[in-house]
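Chains as they are written, first to last, in this note's numbering: chain C, 1 to 347; chain E, 1 to 347.
Possibly wrong hints are sitting among the right ones.
The list cannot tell twin chains apart, which means a pair is met if one copy fits it or any two copies do.
Stated by the list, open to error - Dumping the calculated EDC-like pairs for lysine to aspartate or glutamate here, alpha-carbon to alpha-carbon at most 16 Å:
#, residue 1, residue 2
1, Lys38, Asp118
2, Lys128, Glu207
3, Lys326, Asp336
Hints in this document: simulated from the structure, not taken from any laboratory.
Model, not experiment: these values are computed from the prediction.
2 protein chains.
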Amino acid sequence: MSDQGEFSVTCPILHQQEEKILMSHGSGGKHTSDLIEKVFLPAFGTSSETLHDGAFLHIDQSDLVFTTDSYVVQPLFFPGGSIGDLAVFGTVNDLAMCGARPLYLSCGFILEEGFDIDRLRQVVARMKDAAALAQVKLVTGDTKVIERARGDGMYINTSGVGVVERAGINPQSIQSDDLILLSGDIGRHGIAVMSEREGLTFETSIESDVGELYSSVRALFDEGIDVHCMRDLTRGGLATALVELSAARGLAMEIDESAVPVDAVVRGACEFLGLDPFYVACEGRMIAFVSSNDGEQALSVLEGLGSNPRIIGHVSGQSGPMVSSKTFLGTRRILDRLVGDQLPRIC
Amino acid sequence: MSDQGEFSVTCPILHQQEEKILMSHGSGGKHTSDLIEKVFLPAFGTSSETLHDGAFLHIDQSDLVFTTDSYVVQPLFFPGGSIGDLAVFGTVNDLAMCGARPLYLSCGFILEEGFDIDRLRQVVARMKDAAALAQVKLVTGDTKVIERARGDGMYINTSGVGVVERAGINPQSIQSDDLILLSGDIGRHGIAVMSEREGLTFETSIESDVGELYSSVRALFDEGIDVHCMRDLTRGGLATALVELSAARGLAMEIDESAVPVDAVVRGACEFLGLDPFYVACEGRMIAFVSSNDGEQALSVLEGLGSNPRIIGHVSGQSGPMVSSKTFLGTRRILDRLVGDQLPRIC
Chain C
1 MSDQGEFSVT CPILHQQEEK ILMSHGSGGK HTSDLIEKVF LPAFGTSSET LHDGAFLHID
61 QSDLVFTTDS YVVQPLFFPG GSIGDLAVFG TVNDLAMCGA RPLYLSCGFI LEEGFDIDRL
121 RQVVARMKDA AALAQVKLVT GDTKVIERAR GDGMYINTSG VGVVERAGIN PQSIQSDDLI
181 LLSGDIGRHG IAVMSEREGL TFETSIESDV GELYSSVRAL FDEGIDVHCM RDLTRGGLAT
241 ALVELSAARG LAMEIDESAV PVDAVVRGAC EFLGLDPFYV ACEGRMIAFV SSNDGEQALS
301 VLEGLGSNPR IIGHVSGQSG PMVSSKTFLG TRRILDRLVG DQLPRIC
Chain E
1 MSDQGEFSVT CPILHQQEEK ILMSHGSGGK HTSDLIEKVF LPAFGTSSET LHDGAFLHID
61 QSDLVFTTDS YVVQPLFFPG GSIGDLAVFG TVNDLAMCGA RPLYLSCGFI LEEGFDIDRL
121 RQVVARMKDA AALAQVKLVT GDTKVIERAR GDGMYINTSG VGVVERAGIN PQSIQSDDLI
181 LLSGDIGRHG IAVMSEREGL TFETSIESDV GELYSSVRAL FDEGIDVHCM RDLTRGGLAT
241 ALVELSAARG LAMEIDESAV PVDAVVRGAC EFLGLDPFYV ACEGRMIAFV SSNDGEQALS
301 VLEGLGSNPR IIGHVSGQSG PMVSSKTFLG TRRILDRLVG DQLPRIC
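Just chain C, same shape as in the assembly (with noise of 0.2 Å):
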């Protein structure tokens, strides 16, 4: 009795999860922010409404965007792209939703003893070649070497240092009525990686997205556009990006699942799989937050660049954060920040 009694107040499961890393911590949805809030936050003093894909930095008269990522996808090589190309994107990515124009990234390698070097000579021809297209230079580098089997081949990560070229871009620069702009179709990254990984055959290959961003920031600025807000589908998704844009500012959002492009094998590969193409990551797309009234001329930027842009909602005008989206039988879902983890080391 005294043992029920005991199990009755504390379920060891829910207890595990309080005390352990899970896969989940790494997935970007809920978990993730549970650790962010709980555990990084109170120690860096960091305040979870500026949190952003890269950090502002103001030094002697200079504005600055300062941003970090690793990556530890599996495989390191996957159709459309490898660890290496998403390590440089990925980075200049984050300093593009930022505002800012990428110029350095440093290289931090944790090497697998064993790993073979023409393998790793592969991955760095991939880092060149993603740097010279996205014009940063990388600068600085490090390199560690772990013991078998305690690595999984090579970790990487970069950081960057880009210059703020349009100054407030943050959650808290959404309004009310901003259009919801989406670069491109959903979901290819993460099928393109599942299906390599899971030896997957469909139809017609499937290409990662994985790609660089600053141009079409570039593009917009360029033409005058008013963006408030922008970020890269990466973990989690459209769906993740929408709910913690939303949780931030404190601000609504509606969207129409039929104006969202799912290219059809993707689609099909999603149902296959059981996953929701929503919560599934892209590394090449965004969403941008734009004035309402610039929605027509921000489509036709993108398309100019040939990507493939929709308006996908909009904010409305209800305070408190909460994702609503249109179904295509006409009925209504609330999105929520996953729980778990759909596609592991996808990044």
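Chain E: place on chain C using the hints.
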């Protein structure tokens, strides 16, 4: 006969060393240099002449330094410190060695599934304290999770941004007749980590020297000491730092082993373990190349901070990379890059 012929021209052991990552590629010694020269520099285009602890960036009107390091030390806690202290102080020190005031750090965690969250909190608390001591802000971060047995609890990457306080602190500024100032006794960090890992006990406990070096740099600058170059004595220790700088500058250096302070317990542990203290890592010691007129004043500045500095040698007039060391017996030995790895994963 034909098979024998093949083996006679390609030694399989050497061949394997060229093709696979070895633990020694992370030692900071010869194999690390080889990897940088043969794989990273050709792709990333930085010239080896400018290699330093960080990269100098000129953005707008600001002169900045940018650096990165990953930390894979085992065990995560050791006498005198933890992976958290290392991750903050190590990157702070790299900025300081470039003559910069450390300002901002990023922090990327790679966590292993199942890792204890309380342990993570302890590491984060050490990082918080270290950042407060070094007066830097942790401004941006990232967390990834890898499956059990794909990591060793945690790996941390920190990157740092600082503002140049004194320009021209780099290997090319080293002059003939410069004095070589060592900030304190060597070898504590490597021996502290090794003793914890291997369960060794000595008559008195050896604590790591992990700590920040910016306050020493700042004091030297404030007193107007003519500092030409600095280097912290991490992987590969004092000898590797000297050999690298001699090679980068193309000037010979001479040091006197009897002038180099080594704690008696550290010396005894090194003898017991078959290690050369000149190659054992420190994490809170540096060498500074100062104008020959400023040696005494530089000593008194560092003594005023409570450390145990010494002039250990000088830059000779001879050209060509060469570090010669006068031994306790009065003979000379030539210091070379470490081949292999004395103490893996000490940072």
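Okay, the hints, checked on the actual structure:
1. With identical chains, the CA atoms of Lys38 and Asp118 are at most 16 Å apart between copies only, with a shortest distance of 11 Å across copies and 42 Å within one.
2. In this assembly of identical chains, Lys128 and Glu207 lie within 16 Å of each other by CA distance neither inside one copy nor across copies; the values are 20 Å within and 42 Å between.
3. Taking the shortest Cα distances, Lys326 and Asp336 sit within 16 Å of each other inside one copy (14 Å), while across copies they are farther apart (69 Å).
In this structure, only the earlier hint numbered 2 is contradicted, and the remaining ones agree with it.
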